[in-house]
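> In this text, residue positions in the sequence shown follow this note's numbering: the first is 3, and each later residue adds one.
Note that these hints are calculated values from the structure, not bench results.
From a predicted model like this one, the values you see are computed outputs, not experimental measurements.
Glycine included, C-beta positions come from ideal geometry on N, C-alpha and C.
Check the hints yourself; a few may be wrong.
What the hints assert, rightly or not - Okay, the calculated beta carbon distance ranges per label pair:
id: 1; residue 1: Lys29; residue 2: Leu58; range: 29 to 35 Å
id: 2; residue 1: Met3; residue 2: Leu55; range: 15 to 21 Å
id: 3; residue 1: Cys87; residue 2: Tyr66; range: 19 to 25 Å
id: 4; residue 1: Phe18; residue 2: Lys68; range: 34 to 40 Å
id: 5; residue 1: Ile5; residue 2: Ser45; range: 29 to 35 Å
id: 6; residue 1: Leu46; residue 2: Leu26; range: 14 to 20 Å
To be verified - Here are the simulated DSSO-like cross-link-like pairs (lysine-lysine), alpha carbons at most 27 Å apart as the crow flies:
id: 7; residue 1: Lys34; residue 2: Lys70
id: 8; residue 1: Lys41; residue 2: Lys61
id: 9; residue 1: Lys29; residue 2: Lys68
id: 10; residue 1: Lys29; residue 2: Lys70
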Amino acid sequence: MVIFFIFIFGLCIGSFLNAVIWRLHRKESFFKGRSYCPKCRHSLGARDLIPLLSFLLLKGKCRYCKEKISWQYPVVELATGLLFCLVY
């Protein structure tokens, strides 16, 4: 059971890393503002920010503009979750 929570924590860290990667690349502050769709720039709601699960439920598309979301996001989240489990 502990490994499950470590995996979930890793997914959340992976989600944060995605935001940091995206914003640093564009010279934006990653401490200010909400997460948004890179295509339509619509602010994402809480249900859109659930690591990995929201990507799967939305079939890899933005809820608002229906554009495809890069596979980078779930891959980084999943890799981070698995890495946390391996390190544990």
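> Which of the stated hints cannot be reconciled with the structure, identified by number in ascending sequence?
3 and 4
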